[in-house]
Structure formats: C-alpha cells, structure tokens
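Q: Each chain, written out:
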Amino acid sequence: MWIYEKRLQYPVRVDTTNPTLAAMIIEQFGGADGELSAGIRYLTQRWTMPTNQAKALLTDIGTEELAHWEIIGTLVWKLVKDATIDQIKGTPFEAHFVNHGKSPFPHNAAGDAWSAKFINSKGDPIADLHEDMAAEQKARATYEWLIKISDDPGVTDTLRFLREREIVHFQRFGEALMIVQEELNRKKYY
Amino acid sequence: MDREQMALLKEIMEVGFLLVEINLYLDTHPEDEKALRLHNTYSQRYDELTSLYEARYGLLTFTGKSGCPWSYINGPWPWEVNFDI
Amino acid sequence: MNGGYYDRGRQKQLARVYIPFQIMNQVYSPSEALMRGTLFPELFMPYKKRDLEEGRYYG
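If you read the sequences in order, they're chains A, B and C. Everything in the first sequence is counted per the working numbering, starting at 1 for the first residue and increasing by one. Everything in the second sequence is counted per the working numbering, starting at 1 for the first residue and increasing by one. Everything in the third sequence is counted per the working numbering, starting at 1 for the first residue and increasing by one.
Keep in mind that a hint or two might mislead.
Unchecked claim - Using 25 Å as the maximum straight-line C-alpha spacing, the simulated DSS-like pairs for lysine-lysine come out as follows: (1) A:102 / A:122; (2) B:10 / A:6; (3) B:34 / A:6; (4) A:89 / A:102; (5) A:138 / A:117; (6) A:81 / A:55; (7) A:81 / A:122; (8) A:55 / B:34; (9) A:102 / A:6; (10) A:187 / A:55; (11) A:122 / A:188; (12) A:148 / A:55; (13) A:102 / A:55; (14) C:48 / A:188; (15) C:48 / A:148; (16) C:48 / A:187; (17) A:102 / A:187; (18) A:122 / A:187; (19) A:81 / B:65; (20) A:138 / C:48; (21) A:138 / A:148; (22) B:10 / B:65.
Calculated directly from the structure, the hints in this document are not laboratory data.
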C-alpha cells in the first residue's frame, strides 16, 4: 500500500510566470515517456517479476516516479498560478486553459490525453525490464530537450535533477535484469 | 514558512533523498554491508528529524500523533512551499 | 555476489545484454547528493553546457 509524505522530494523553484513553458513541461506529466507512465508501468509489471530484488526495485522506482509526477505538476502549477488571462491568451496553454483552467491535467505537450496505451506489461520479465530501461532513456532524452528550451533557471535546475534520476534508474533496472537473467538461466540448467 | 522550518524541511529532504538512493542500491545489492550501515545510520537521523518537524509544524504522514486541531491538514501543502529563499 | 557470469569466466552469450554492477565506494554528503540528483559520484553524468550550445547529443 502507499503512504503519502507531505513534502516534495526536491525543493522546486520556479523563477517566472510562463504558460508556454508550462504547456511544454506538461509533456512529462501526461506524455508517453513521462513520470505518470513510468510510475504506472513499473507498478503494473511487478506482479510477474521473479526474484525479490526485482519486485522490490519495481515497487520502489515506481513509487519514486509518482513523487516525480508530483514535482512536474508543481512546476506546471507554479508557472501558471499568477498568470493573467492576457499572459495565457495566444500561448499553447490557452487550449489547456479552456478545458482545465489552471489545473495541471495529464496530457502531453501536443494535448493528447494520457493513456495506458503508452505502457506495456508483457508478463515476461526480460521484455519488461528492457522496456523499463528504454523508458528511462526516453525520459532522459525528453528532459534534455526540455532543458534546451527552458529559459527559467529554477525550472532548469529541477529538470536537471529529474534527468539525473533517470540515469540512476537505468543502472538499477540493468542490474535487476542481470539478476533476473541469472535466476532464469539457473532454473533452466539445474 | 520561516527560516527555521525551511532549514529543517531541507534537511529532511536531503536525508530522505539519501535514504531513497540507498534503498534502490540495496534492492539490487542486498548483501552490501557498507550500504546497510549507511542506511541504518541515516534511518535513525531521519526519524529524529521528522519527529522534531512534526512536533513543531504538524504531521508529515497521517500515522503520527497530533494535537487539536488535526495538524495533518495544515498548509503550506507541498506545491505551495516557496523555496526561493 | 550478483553477476555470477563474471565469476565463472564464461564467454559472453549472444542475444542478451550485460550491465556492469555498480559497487558503492565514496558517497556525496546529503545536501550535495540532493543537489546533484544522486548519492554516487560514479553515476553523476550531468548534461554539459557545451552540449547545450553546440546541440551535441548526450552519450
């Protein structure tokens, strides 16, 4: 089960009001390679993982991704909370605003809603762990594109933190894959 | 949020983050004794810091003890905290 | 220790990946770790400003 800790994982600073940037950051709130996808993907896959190490890792990284989803929602919120209607009009955020007001909503930067179609759980631990490693690389790459277009230093700082987390997660999933492959080979030959 | 509360919250975030990192490492290295010692040291520290914070500023998790009124609902909520200081 | 394929000195098999295990050595202080996004210096791989300016891909 899940316990909520009433704090962010990282001290999120936003230095500007920028609805356009918010509309781009929302890619990681509801996009295919975003934090919600990551969290739901890993938490969904854990039922069919062999080895306690893999079950623990998918649980714990999945949980951390939900904490990151919270950080992204906070970035979006802080970028628009003080925006006037004139600051919103004519930006990509205007389309979001007419549906959701200033409330963060899980869709991607192009406006496509989050879907379970973004994730997979094959019930095959080798396939699943490779998907997880790919997911971490795609998230890392997305953060790099976002860092390129961000002109808010506070936002960029938080994006750099989240990008580094993807690199660490990739290493852990790789280690879990080694452990699982060893376990499955052992069962095959002994 | 005053300076003292912010300082304590930041320390909780720092120690909490260390625990997350060690947790993920231990999940794939469950027999690493050095990592386990580091975890246990900071686990203790985390309990001390959160107990202190909760006694002064209200609950961080719903399982703690509260005075009246129920402190868990107190602001600021995490997305409202201004870290600009 | 995990990664028994190293211990047995077997040849690498085809059609599978191999990832080296990290072995914890030095760690950052808690405040340094939070700022960088990892506790471990060997996993700290920042997106360099040079890459930002010249449009170079990471890795």
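Q: Would you mind marking each hint as holding or not holding in the structure?
A: Taking the hints in turn, this is what the structure says about them:
no.	hint	in the structure
1	A:102 / A:122	violated, 37 Å
2	B:10 / A:6	holds, 13 Å
3	B:34 / A:6	violated, 30 Å
4	A:89 / A:102	holds, 13 Å
5	A:138 / A:117	holds, 16 Å
6	A:81 / A:55	violated, 39 Å
7	A:81 / A:122	violated, 40 Å
8	A:55 / B:34	holds, 23 Å
9	A:102 / A:6	holds, 22 Å
10	A:187 / A:55	holds, 18 Å
11	A:122 / A:188	holds, 20 Å
12	A:148 / A:55	violated, 35 Å
13	A:102 / A:55	violated, 37 Å
14	C:48 / A:188	violated, 45 Å
15	C:48 / A:148	holds, 11 Å
16	C:48 / A:187	violated, 44 Å
17	A:102 / A:187	violated, 54 Å
18	A:122 / A:187	holds, 20 Å
19	A:81 / B:65	violated, 33 Å
20	A:138 / C:48	holds, 18 Å
21	A:138 / A:148	holds, 15 Å
22	B:10 / B:65	holds, 22 Å
Violated hints, in rising order: 1, 3, 6, 7, 12, 13, 14, 16, 17, 19; the structure is consistent with all others.
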